[in-house]
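Please arrange chain B on chain A, whose structure you already have, making use of the hints.
2 protein chains.
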Amino acid sequence: MTTINTATETILAPLFINSNDLLNHWQGHRRVTRRVIEAFPEDELFNYSIGGMRPFAGLISEITSMSGPGVKGIATDEWTTINEMDHHTGKTEVNSKDALLMEWDRITDEINTFWAQIPTEKFQEVVLAFGQYEGEAYGIILYFIDNEIHHRAQGTVYLRSLGIEPPAFWNRD
Amino acid sequence: MTTINTATETILAPLFINSNDLLNHWQGHRRVTRRVIEAFPEDELFNYSIGGMRPFAGLISEITSMSGPGVKGIATDEWTTINEMDHHTGKTEVNSKDALLMEWDRITDEINTFWAQIPTEKFQEVVLAFGQYEGEAYGIILYFIDNEIHHRAQGTVYLRSLGIEPPAFWNRD
Chain A
1 MTTINTATET
11 ILAPLFINSN
21 DLLNHWQGHR
31 RVTRRVIEAF
41 PEDELFNYSI
51 GGMRPFAGLI
61 SEITSMSGPG
71 VKGIATDEWT
81 TINEMDHHTG
91 KTEVNSKDAL
101 LMEWDRITDE
111 INTFWAQIPT
121 EKFQEVVLAF
131 GQYEGEAYGI
141 ILYFIDNEIH
151 HRAQGTVYLR
161 SLGIEPPAFW
171 NRD
Chain B
1 MTTINTATET
11 ILAPLFINSN
21 DLLNHWQGHR
31 RVTRRVIEAF
41 PEDELFNYSI
51 GGMRPFAGLI
61 SEITSMSGPG
71 VKGIATDEWT
81 TINEMDHHTG
91 KTEVNSKDAL
101 LMEWDRITDE
111 INTFWAQIPT
121 EKFQEVVLAF
131 GQYEGEAYGI
141 ILYFIDNEIH
151 HRAQGTVYLR
161 SLGIEPPAFW
171 NRD
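Protein sequence lines, in the order shown, are assigned to chains A and B.
Last residue of the first sequence: 173 in the UniProt record's numbering, with the numbers rising by one and none dropped.
Last residue of the second sequence: 173 in the UniProt record's numbering, with the numbers rising by one and none dropped.
The shape of chain A in the complex, shown without the other chains:
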């Protein structure tokens, strides 16, 4: 029995998904999230919330500060610290829907750029994300994606309560 390369050596169980397919899966979700941002009226995007939660722009700001810099950190081992992240400082310079969407698109490109630089074996290695969260890189990345799905879904409840039909969850085009 021979191994081909280091990537195959790490397989102790069947392949579930490879890194290209996972990136495509994530970017599909990001297209949905972008449509949810677009569906909000400008004022409600920054000011509307339910039960004391953050407005949707605040949730998006958290996603943004985690996802792009997170992939960069995994690719380069250079991490922003948790205290520099928008949802901890509460500071953000993004105060219009257009600016939020522009920042969203910048992060989409940043993810693609740094994803291509992640070393082959890195996904199975333990990293210390943002100087604080320790785990296998695949788990850290799934956290970014799951956190996006989680907060986006909360935004869809805001939309429903405003009488606005949210973009379809299943449409990733």
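Worth double-checking, as some hints may not be accurate.
Just a few of them, taken from the derived set where beta-carbon distance is under 8 Å, the chain A residues facing chain B [claimed, not checked]:
1. L15
2. Q27
3. I37
4. A39
5. E42
6. N47
7. V126
8. T156
9. S161
Covered stretches of chain B (in silico footprint by chain A; criterion: 3 or more residues with CB under 8 Å from a CB of chain A, positions within the stretch not fixed) [claimed, not checked]:
10. 33-45
11. 63-75
12. 97-109
Calculated directly from the structure, the hints in this document are not laboratory data.
Ideal Cβ positions, reconstructed from N, Cα and C, are used throughout, including at glycine.
Below, chain B alone, put in the same frame as chain A:
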């Protein structure tokens, strides 16, 4: 260059996550979702909603009818049809929190049982889920998980609006 087995032949890009780790990741999410069910008062679980959406028990019923039977379908190629699924018929025999939690635990076991029977190569093969949704098995399974995260997050907004702190998203123990 030699391949070890069919699983490694399918690797055209680096491994992101193997099937054991993905199952553990999912079951971690299922522990969170179970705690969200528990956090609801009995009446609100079945009757409370926002913006015309389904009560949380209805969302859980959708998750249940998709996840256990979905893994069984991928493992055995025997699928329930979409019309037999609870959220389409609107029928469910589960009408108490205890019964909902019991059904949840049954599905947890069903997922573990049938996951172990999924053939090694199956995750990369195209399947027709529930006779209706075509895609690679990994994508179908990610849909089950993402759909659970999505609807659970909606439930956390219900809880917040009821003045109840939801279980922590990040705690998967």
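Right, here's what the structure says about each hint:
1. L15: Nearest chain B Cβ about 5 Å off; hint holds.
2. Q27: Where the cut-off is 8 Å and the nearest Cβ of chain B is about 13 Å from Q27 (chain A), the hint is violated.
3. I37: 16 Å, violated
4. A39: 13 Å, violated
5. E42: E42 (chain A) check fails; min Cβ-Cβ to chain B is 20 Å, beyond 8 Å.
6. N47: 17 Å, violated
7. V126: With Cβ-Cβ at 13 Å, over 8 Å, it is violated.
8. T156: 7 Å, holds
9. S161: The hint holds - S161 (chain A) has a Cβ within 8 Å of chain B, the shortest such distance being about 4 Å.
10. 33-45: violated (count 0)
11. 63-75: violated (count 0)
12. 97-109: violated (count 0)
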